[in-house]
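Chemist: Since chain A is already given, all that's left is putting chains B and C on it; use the hints.
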Amino acid sequence: MSGAGTVVTAGRRSPLFWLGIAAAVVLLCVLPFLVKNYRVFQFNLVLVYAIAILGLNILTGFNGQISLGHGAFYAVGAYAAAILMDRAGMPYWATLPIAGALCFCFGFLVGFPALRLGGHYLAVATLALALAVPQLLKYKLIEAWTGGVQGIVLNKPEPPFTFRFLGQPFNADRWLYFFTLAVVVLMFWLAWNLLHGRVGRALIAIRDHPIAAGAMGINLPVFKSLTFGVSAAFTGVAGALGANVIAFVSPDSFTVNLSIFLLVGMVVGGLASIPGAFFGAMFIQFVPNIADEISKSAPAAIYGLLLIVLMYLMPTGVMGLVRTLWLRRQEPAVAAAVPASSNAMTKET
Amino acid sequence: MASLLEVSGLTAAYGATQVLHGVSFEIPAGQITAVLGANGAGKTTTLRAVCQTVRTGGSVRFEGRELVGTATENVVRLGVAHVPDGRGTFTALSVEENLLLGAYVRRDRPRVAEDIERMYTRFPRLKERRQQQAGTLSGGEQQMLAISRALMLRPKLLLLDEPSFGLAPKIVAEIFRILRTINAEDGVSMLLVEQNAHLALGLAQHAYLLETGRVALSGRSETLMADEAVRRVYLGY
Amino acid sequence: MDGFLHQVFAGLANGCIYGSVALALVMIFQATHHLNFAQGEMATFSTFVAWALIQQGWPYWGAFCATVAVSFLAGLVIQRVILRPVERAPVLTNVNVFIGLLLIFNALSGWLFDHTVKSFPSPFAQESFLKSRFFSAHEMGSFLVMMAVLLALYAFFRFTSLGLAMRAAAQNPDSARLVGIRVSWMLAVGWGLAAAIGAVAGMMVAPVVFLDPNMMAGILLYGFASALLGGVDNPFGAVIGGLIVGVLENLLGAYVIGTELKLTVALVLIVGTLTLMPAGLFGKRLVTRV
Numbered sequence: 295m296s297g298a299g300t301v302v303t304a305g306r307r308s309p310l311f312w313l314g315i316a317a318a319v320v321l322l323c324v325l326p327f328l329v330k331n332y333r334v335f336q337f338n339l340v341l342v343y344a345i346a347i348l349g350l351n352i353l354t355g356f357n358g359q360i361s362l363g364h365g366a367f368y369a370v371g372a373y374a375a376a377i378l379m380d381r382a383g384m385p386y387w388a389t390l391p392i393a394g395a396l397c398f399c400f401g402f403l404v405g406f407p408a409l410r411l412g413g414h415y416l417a418v419a420t421l422a423l424a425l426a427v428p429q430l431l432k433y434k435l436i437e438a439w440t441g442g443v444q445g446i447v448l449n450k451p452e453p454p455f456t457f458r459f460l461g462q463p464f465n466a467d468r469w470l471y472f473f474t475l476a477v478v479v480l481m482f483w484l485a486w487n488l489l490h491g492r493v494g495r496a497l498i499a500i501r502d503h504p505i506a507a508g509a510m511g512i513n514l515p516v517f518k519s520l521t522f523g524v525s526a527a528f529t530g531v532a533g534a535l536g537a538n539v540i541a542f543v544s545p546d547s548f549t550v551n552l553s554i555f556l557l558v559g560m561v562v563g564g565l566a567s568i569p570g571a572f573f574g575a576m577f578i579q580f581v582p583n584i585a586d587e588i589s590k591s592a593p594a595a596i597y598g599l600l601l602i603v604l605m606y607l608m609p610t611g612v613m614g615l616v617r618t619l620w621l622r623r624q625e626p627a628v629a630a631a632v633p634a635s636s637n638a639m640t641k642e643t
Numbered sequence: 010m011a012s013l014l015e016v017s018g019l020t021a022a023y024g025a026t027q028v029l030h031g032v033s034f035e036i037p038a039g040q041i042t043a044v045l046g047a048n049g050a051g052k053t054t055t056l057r058a059v060c061q062t063v064r065t066g067g068s069v070r071f072e073g074r075e076l077v078g079t080a081t082e083n084v085v086r087l088g089v090a091h092v093p094d095g096r097g098t099f100t101a102l103s104v105e106e107n108l109l110l111g112a113y114v115r116r117d118r119p120r121v122a123e124d125i126e127r128m129y130t131r132f133p134r135l136k137e138r139r140q141q142q143a144g145t146l147s148g149g150e151q152q153m154l155a156i157s158r159a160l161m162l163r164p165k166l167l168l169l170d171e172p173s174f175g176l177a178p179k180i181v182a183e184i185f186r187i188l189r190t191i192n193a194e195d196g197v198s199m200l201l202v203e204q205n206a207h208l209a210l211g212l213a214q215h216a217y218l219l220e221t222g223r224v225a226l227s228g229r230s231e232t233l234m235a236d237e238a239v240r241r242v243y244l245g246y
Numbered sequence: 067m068d069g070f071l072h073q074v075f076a077g078l079a080n081g082c083i084y085g086s087v088a089l090a091l092v093m094i095f096q097a098t099h100h101l102n103f104a105q106g107e108m109a110t111f112s113t114f115v116a117w118a119l120i121q122q123g124w125p126y127w128g129a130f131c132a133t134v135a136v137s138f139l140a141g142l143v144i145q146r147v148i149l150r151p152v153e154r155a156p157v158l159t160n161v162n163v164f165i166g167l168l169l170i171f172n173a174l175s176g177w178l179f180d181h182t183v184k185s186f187p188s189p190f191a192q193e194s195f196l197k198s199r200f201f202s203a204h205e206m207g208s209f210l211v212m213m214a215v216l217l218a219l220y221a222f223f224r225f226t227s228l229g230l231a232m233r234a235a236a237q238n239p240d241s242a243r244l245v246g247i248r249v250s251w252m253l254a255v256g257w258g259l260a261a262a263i264g265a266v267a268g269m270m271v272a273p274v275v276f277l278d279p280n281m282m283a284g285i286l287l288y289g290f291a292s293a294l295l296g297g298v299d300n301p302f303g304a305v306i307g308g309l310i311v312g313v314l315e316n317l318l319g320a321y322v323i324g325t326e327l328k329l330t331v332a333l334v335l336i337v338g339t340l341t342l343m344p345a346g347l348f349g350k351r352l353v354t355r356v
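For the record, the sequence lines run as chains A, B and C. Every number in our numbering is 294 more than the matching position in the first sequence, counting from 1. Every number in our numbering is 9 more than the matching position in the second sequence, counting from 1. Every number in our numbering is 66 more than the matching position in the third sequence, counting from 1.
Next up, chain A with everything else stripped away, as it sits in the complex (with noise of 0.2 Å):
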């Protein structure tokens, strides 16, 4: 048993824990051969949207920085990937880092003039950001690089090896399903050692008390703009691996829509959440579809009454929901007077 001094973790792991997780595993493996190829596909967006959308969790949920731009990030990793792989014949695994790094540069330069701005002058700068990218990336100048209006089409990445499993072909989304998989777990896991240990709670001491927080010796200007960086470079591999799923990028891939989708999915999600993200990516990927069944004049009323009702229903996101519930199972005596927001997203003056 823990002994003092040690981290106290909520009781000892059962071996029911270890089962129910070697079964999720199995079942991730097994998931993309029961399903025909387009369901694959929109596995794969999943993923992908949750990298991105954890990305932009880091620099809002956790740090407080409210941006409406992500698309941008999630644009120049898209396009970097591509043009990479088009005009210079990279690998496509080899142009994720790549990305990123160059994301990362591109963010830490935007989180300097963002220093100055804060709530919602922060959150209109950013969206005009996402605005401007479409129209540069359409610009004649540097048309040669962006394929201008018509974009750049890719070939999906090959799988190294073939074979047949449960009557499907193991081809390239599927390859793509176990890549993307595989850099979830690896940015998962990134961002979930950062944001324990000193330099997530410097983040969260940014964003309740910034005043506090420079007072304690945090530089704030330096890990504002740091962390507009790693959330750009998150948002940019996850662009990378989306112009690889859908093997296409063009301008009007990358409207505000797609900013306002990160932000949506975000909180559907739960601020300063990680698993959130899941949940973010899946309500964005898949409830457009869902209101295109009900109403195929309105789709996109459905969609925002479906979105209005999910916020009645969860204010802090599915995760936020899920938090309530479990300290609401560990303390049923009490009553919860007062609704207990555990994120400082609340009302800016």
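Everything labelled a hint here was simulated from the structure, so no lab data went into it. Positions of the beta carbon are idealized from the N, C-alpha and C atoms, including for glycine. Hints are not guaranteed to be accurate.
[What the hints assert, rightly or not] Distance windows between CB atoms, simulated:
1. A/L514 - B/P133: 55 to 65 Å
2. B/E194 - A/V493: 51 to 61 Å
3. B/G211 - A/G412: 43 to 53 Å
Modeler: Okay, now just chains B and C, sitting in the frame of chain A:
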């Protein structure tokens, strides 16, 4: 003496933390009552419970009327004014605008203007700064403004949460002197929460001592001041 | 020189529209401290309602006033019914609700009134006394209407008790409750006013850019930029911000960068200005004690 405020079995919690565990007390009309206690005893929560800015259980009767479950805006209309901890001034508005807001629920326009002048007479420093942004005032001036704003309501009951907090002794003495005058001249009943027991007992006629969400002691100020245990623990001598 | 002046005046005319939208945004911001992302779509929907009334044979000003009144009520109801449940929720939860509203209104406009582009009449006859060398009658008329709205708003907030209460409720809802202000209703009135102003802006824009469900999308962004540039808590600033943005956009498009990157450069300049003056040109730098 008629009871202005009757509190019985009051409970309150912030989320998962229960703060009041069944508080009961009474406030006579026209008098000043103090609520004392250490940090975390539940004094501020008690005041909030009276204004219903926190969810409560139990009963709070003001002039015979049950307040629990009433919206704060309606409690105010019954004649209860609260000077919260941290002053609660509208920092972006001017001094004069703050005072006008204090009289928001009143319908008698001409007398409101009169009352503003009375506040300025009582607190000349506010008059000097009448058009100034309230957030730029010093701590003492903001406290005076907060009290004046509450008085603009012409309340029957004035709730004061730690008016001495963070202020220099000279300013505190001035403010307490004015509070005594207001009680004596205008007959405004007061419920005063203070950590500084000595000050509070000097001003109030009655006092209650809270300990971890329950009433531990009560009585007239002179009695409490003379009490051996109170003196040692709370007055320091 | 004449060409330059022409661009400037055309920019001012556009700037009037941006300023009106900015005014609506500042309205809601002053009342609720939120930026309403659905403002544009609500304004478009209101304009469609006016269009429908005019199609039914209503006189212009009759339809105008009815639309403004209905929009006020609709804004009020939207706040009471749709936004109240998330009043105490975090900022971004509210933002999601705004996005939801945006999608709903946009889809409703398309569904009820279809997507074909429609023309919308202007109340200012082409050859009226309002016309001058540099401004068409409609441009001058829009400008005067916007000025009237602005002055009315200023007077409302500065001199009336309700206006003061609304400002107080927005800044410090807790303290506002302690003086008896019904904060929820203040928010509702703020929304109603913003919806009404948005309707006016929509009806002034539609004759120029023609009416379709996506009419306000681009204008909304310029509206945001104008509001921020002018200082998001300042109605006058919103209007002046709008005029500046309008002129800037036109001059940049004509002389500097061409229409393709016009949007980008305009936004870069605005963001740059905000970096230098974070409270906008006319915003109050609020002093807060730590």
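Chemist: I want to verify a distance hint. Is the separation of the beta carbons of B/E194 and A/V493 within 51 to 61 Å?
Modeler: holds, 60 Å
Chemist: I want to verify a distance hint. Is the separation of the beta carbons of B/G211 and A/G412 within 43 to 53 Å?
Modeler: At roughly 45 Å between Cβ atoms, A/G412 and B/G211 fall inside 43 to 53 Å, so the hint holds.
Chemist: For the range 55 to 65 Å, tell me whether the beta carbons of A/L514 and B/P133 fit it or not.
Modeler: violated, 42 Å
Checked against the numbered hints above, the structure breaks only hint 1 and satisfies the rest.
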